[in-house]
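Engineer: So the chains spell out like this:
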Amino acid sequence: MKLTKAFMATTALTVAGTVVMAAGHMADQMTIVSWGGAYSASQQAAYHDPYMANTGVTIINDESSSEAVAKLRAMSEAGNITWDLVDVEAADAIRLCDEGLAMEIDADEVLAPGDDGSTATDDFGDMLVNDCFIPQIVFSTTFGYRTDMVPEGVAPPSGACDVFDQETYPGKRALNRNPVANMEWALLCDGVAYEDVYDLLETDEGQAQAFAKLDTIKDDTVWWTSAAEGVQLLADGEVFMGSTYNGRLFSAIVEQNQPIGMAWDWQMFDLDGWVIPDGLSDERLARVLDYVRFATDTQRLADQAKYISYGPARQSSAPLVSTHATLGIDMAPHMPTDPANAENTFVNNYTWWADYRDDLDAKFQSWLAQ
Amino acid sequence: MSEVMLAADGRPLKASLNRALRRQKLRALMLIAPLLIFIMLTFIIPIGQMLFRSVENQIVGDTIPRTVAALADWDAEAEPVPGEDVFSAFAKDMMVAVELKQHTRLGSRLNYEASGLSSLFRKSGRRVDDMGEGYADQFAAVDPAWADPATWVTLMAAPRWVERQAAWDGEGAEPKFILSASITDDLPQTASIYADFARVTQSEDEESPTEETPWNVVYLALFEDLTANPDVQIAGPVGDLVAATVPQLAAFTQEDIRAAFVAADDGWEETRVWKTIQTYSAPYTDGYFLNAIDLQKTPDGVAWQPENEQIYITLFLRTMMMSVLITVSCILLGYPVAWLLANLPARKANMLMILVLLPFWTSLLVRTSAWKVLLQQQGVINDTLVWFGLVADDNRLALINNATGTIIAMTHILLPFMILPLYSVLKTIPPSYLRAAKSLGATNWTAFWRVYFPQSVPGIGAGSILVFIIAIGYYITPEIVGGTKGVFISNRIAYHISTSLNWGLAAALGAILLAMVLLLYWAYDRIVGIDNVKLGG
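Protein chains in written order, with the numbering used here: chain A, 1 to 370; chain B, 371 to 907.
Don't read these hints as lab results, they were simulated from the structure.
Since the structure is predicted, the reported quantities are computational estimates derived from the model, not experimental observations.
Among the clues, some could well be false.
What the hints assert, rightly or not - List of simulated lysine to aspartate or glutamate pairs, EDC-like, C-alpha gap at most 20 Å:
| no. | chain 1 | residue 1 | chain 2 | residue 2 |
| --- | --- | --- | --- | --- |
| 1 | B | LYS471 | A | GLU104 |
| 2 | B | LYS742 | A | ASP236 |
| 3 | B | LYS855 | A | ASP108 |
| 4 | A | LYS172 | A | ASP199 |
| 5 | A | LYS172 | A | GLU229 |
| 6 | A | LYS218 | B | ASP764 |
| 7 | B | LYS493 | A | GLU229 |
| 8 | B | LYS493 | A | ASP106 |
| 9 | B | LYS471 | B | GLU574 |
| 10 | A | LYS172 | B | ASP670 |
| 11 | B | LYS493 | A | GLU202 |
| 12 | A | LYS71 | A | GLU104 |
| 13 | B | LYS742 | B | GLU849 |
| 14 | A | LYS213 | A | GLU195 |
| 15 | B | LYS855 | A | ASP219 |
| 16 | A | LYS218 | A | ASP165 |
| 17 | B | LYS855 | A | ASP106 |
| 18 | B | LYS855 | A | GLU195 |
| 19 | A | LYS172 | B | ASP753 |
| 20 | B | LYS742 | A | ASP131 |
| 21 | B | LYS645 | B | ASP610 |
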């Protein structure tokens, strides 16, 4: 029976094909997951290209960082980790570490010491937020505004609290559609002292106070879900003022000459870095560790700042930050950590959010839906 | 008695026929086998597995089994914080969980139910190492043999494991530890935690129990066992050691395990923490389904979520209402187009068909983003209206980032799914029927409504089912243009899958959505009849 045989063969091929595809992971090749866009480009130029030239290892970019946590969990459950290194925010690193999906590392053993002779632990300092996280950059969520829409005779906005000031600055606002940062800004701009913000947010009264403050601008706010949207809304003149990541604003202002200004006050610092998936084979792990040691040394971290205005996570890299790779402008004034920009700042309290995110997110979404 | 009919080859005809039929069926099965296997592997099994998570809750019982057992008869009314026995059981469970790096996983699971548990487990994990250290020191002070791994192996291991271990040449993995049969009766707590110790030492640390001193909590368990049963008789030299140790126990300084946990984090003194653990200790739970309809599981039964956390019922209703609205708009906009397609001369109809199909072939994201450009306040439509003076410049229409935006964009995107089945049905209605109706004196409207329209209902039915079912699970378009009032339940499901990692809740929401679609399909079948639906000819 020819036909039967043909179909049996097809079936066998289908099954075999799946197995072969699953098993394929070539030697001397590494899949690195990141955020895409200008950020990945800066990593490509500062880390990947020199590393590939030095070692001959091929690096494959995967732009899946925004769903890295879910995908890593699925891979781990399927027992087939296809990623070698993943770029995530500190908050996600905590989730991944808690879930046992990221590998715990010993910073001093895995990471290179600083150029100034300090140990990796000292050089990174507080940035090592847990045992899995390998910090890379400091970025901030801050505000941009349309310079051409500032009312006449009024000083341009200087920071987050101007978002709530509709008398001076009428117009639409853009904010992130999740509680992180918005809840803190609401309290800070309602006169709560920085030290008390997170304590107060744990209480029902504190949450009510924050929502009441956000209520004052709710009708005028466009809520974005991806950072690119935040910038686009500003570039289109859809909103007068909006929050987004400082690097995105930098590229809109400096590289694309949009009429946008920065309002730095009460910017929220956040960290981004690598985690190594748990359960890599020894051979792959050795390759990744070699890359990580190279890509997070003092010079490499400083190099990345040539391409994007995010601050290097090592103290020893700060003095090496120089000028933009193509525009030649000095990068320091565009860094979130520059003293002129960092008068009032707060740090995203990742561990606090790890506890309260589920609860506050339910309340926030319910508040939005009202 | 009738004679059995025989086939040409002499076999009974019935058997012969059956055989031929069976072979035919087998062949048919083999023809669809590749598809069947593919669908099973990539569709049915994963979906089933995902839906199973909506009730699965084994993580609690698997990670802290002793605590779950000890908590079973804890009554929060009588005793706001559980007693020392629960804390002692918890210390042992946590020790194992920390070594296996599972305590933080349990913490994030329980944090879905009560905020703060995530860091409570994370913080306490670092301290659990030291719990019971006092007992370990005091046992070693009575006789240094207690600190010797060999003593423990003699006490705990089955003789056949000792033999196998001795025969092991160090190549490959050490033989798996086997607990002695009698020790489980003599020292039940100690045996159970020592077995965990041996298992974890072998699997996680790749060390041998013969060379590792047991965890501190093992000494805690030994103290408890010996205090509970001082007359225990154990054979051999280790039995003598036990017997010699028992009289000394009275002089031991007792450790306050509860105080140790509270010192790590005073959250362990809160009743709500223990109530949450107790409520969610069963291996299967309806908690996710309750959460998915704004209810919550409390120790006193099912209750509504606080009003400021209720969202899912609103979202389910909104998803249904907006999907109905989108379906109706698709009918209103699609019917005339389908009619034109069916009645125009072939050349013009083909041209029109291309216009319908062109957006159908364009990427979904591109079309959604295009709507953004058109609809936003500084967008093309608003600019045009302002230019014509129909809308004041400072009072532009809000057409996007709300329900209006979602309905407009989704109607456009789903329109081809309405037009195509409708067209294929309308094309089969002979134009002569309309002419006949008119020649018999019907007005244009009567002829359409009484003669033409009833014949097009199967097409409307097919289009509506397609559009409605696609709309109800839509995700990308509402996410981009929906703002806050135009998002669907699927956007929340996506959030729980990719951000909060609460897959149980996501699965429960998905299961409810699936059930709703099936229910509507069933209702549709009862009212309209699924046989009346036509996708063509």
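Engineer: For LYS213 (chain A) and GLU195 (chain A), compute the direct alpha-carbon distance and say whether it is at most 20 Å.
Structural biologist: holds (19 Å)
Engineer: Below or equal to 20 Å on CA atoms is what counts here, so check LYS742 (chain B) against ASP131 (chain A).
Structural biologist: violated (43 Å)
Engineer: Is it true that the CA of LYS218 (chain A) sits at most 20 Å from the CA of ASP764 (chain B)?
Structural biologist: holds (18 Å)
Engineer: Check the hint pairing LYS71 (chain A) with GLU104 (chain A) against an upper bound of 20 Å on the C-alpha distance.
Structural biologist: holds (19 Å)
Engineer: Does the alpha-carbon distance linking LYS471 (chain B) and GLU104 (chain A) stay inside the 20 Å limit?
Structural biologist: Holds, because 10 Å separates the two Cα atoms, which is no more than 20 Å.
Engineer: Straight-line Cα separation of LYS645 (chain B) and ASP610 (chain B) no greater than 20 Å?
Structural biologist: Judged against 20 Å, a Cα distance of about 43 Å means the pair is violated.
Engineer: Would you check the hint for LYS855 (chain B) and ASP108 (chain A), treating anything up to 20 Å between C-alpha atoms as holding?
Structural biologist: violated (49 Å)
Engineer: Checking one constraint from the list: CA of LYS493 (chain B) to CA of GLU229 (chain A), max 20 Å. Satisfied?
Structural biologist: violated (37 Å)
Engineer: Run the distance test for LYS742 (chain B) versus GLU849 (chain B): straight-line Cα separation, threshold 20 Å.
Structural biologist: holds (12 Å)
Engineer: Is the Cα-Cα distance between LYS493 (chain B) and ASP106 (chain A) 20 Å or less?
Structural biologist: Satisfied, since the Cα-Cα distance of roughly 19 Å is no more than 20 Å.
Engineer: LYS172 (chain A) and ASP670 (chain B): Cα distance at most 20 Å?
Structural biologist: violated (46 Å)
Engineer: Do the alpha carbons of LYS855 (chain B) and ASP106 (chain A) lie within 20 Å of each other, as the hint requires?
Structural biologist: violated (47 Å)
The structure fails hints 3, 4, 7, 10, 17, 18, 20 and 21 (numbered hints given earlier, in ascending order).
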